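Read off the chains here:
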Amino acid sequence: MSQDTPLIQKLQAGDLEALGALYDQYRLTVYRTALAVTRDPEAAEDILQDAFLRLQAHADQVNSELPLAPWLYRVTVNLSYTWLTRRNRWRVPLEDFIDQLIGPAKHNPEPVAERRDEQRLMQRAIDALAFSQRVVIVLYYLNNLSLQEIADILGCPVGTVKSRLHYGRENLRELLNGDAQAPEVQYEFT
Amino acid sequence: MNSRESRPPLDDLDARIRQSLRAAYGNKYPAWGVRRQLLDRAAEQRRDLRKLALPLPDWLSHSRAARPVESGWNHLDYISLLSALGFVGVTYAIR
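So the sequence lines, in the order shown, correspond to chains A and B.
Here my numbering is used: position 1 in the first sequence is 1, and no number is missing along the way.
Here my numbering is used: position 87 in the second sequence is 87, and no number is missing along the way.
What the hints contain is simulated information worked out from the structure, not anything from laboratory work.
Source: prediction; values computed, not measured.
Ideal Cβ placement from N, Cα and C applies to all residues, glycine included.
Watch out, some of these pointers could steer you wrong.
[Claimed, not checked] What the simulated footprint calls covered on chain B by chain A, stretch by stretch (three residues with Cβ under 8 Å from a Cβ of chain A suffice, anywhere in the stretch; the number is not a length):
{"hint": "1", "stretch": "24 to 32"}
{"hint": "2", "stretch": "35 to 48"}
{"hint": "3", "stretch": "82 to 92"}
Using the sequences plus the hints, can you model the full thing?
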């Protein structure tokens, strides 16, 4: 039995207040994870709502004896992936079009002060990671989950999580070193 | 110069990633209206699910062959009869 058991059982019995209580308990976990993966506050709020609507719709399939967090993380990751896939389908051609229009402006050097902004550089580097690596990095560093917990959420072996974390970290190192040394940095059009 | 001196140690990168992510997202909150909106949508979803879960009438919950004889004719029987008559009528008109 977990601390969520009574609320999940109430939700399974059709109690909307239980859904509200579970929302209050997990909203930051879901919202911040979705925000870190998508980097879009509106998308993160949509994902937050959708995750809890799914919880209600599939409440009878949720094991009330287990903690709810892994289930919510899994749904959040899946919804974030869906959102990113849909967005990229439309955004990439638009970005190509903008690139064609503005051409050389894209290659203007950024101000040195901006390049030194650690948080901005790190975020940009994380954005450049493949989705599978980005998710592991977010769950591990932002949510402080263990490798085993991440493996359970993603439904893959711990070795796979270790590997994604390793390559994600190495890619971040390369991207950060590259950014620090590169004379030219691309602007973002998001 | 060895590789350890030329690159920041692993722990430093770990700390940088952790610190950056927490600084960027650790103080972010969803809008207040999201909770209300969620509960409204959840209530709506519940109503929709209830509609879908309405029990089937007795005559529909049995296969045609297994339907009780005493139920007599129902609207499906009438629809079948009308379809058959229509088919015959159209065939006759074409000829």
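Results for each hint:
no., hint, verdict
1, 24 to 32, "holds (count 7)"
2, 35 to 48, "holds (count 9)"
3, 82 to 92, "violated (count 0)"
In summary, the one numbered hint that this structure violates is 3.
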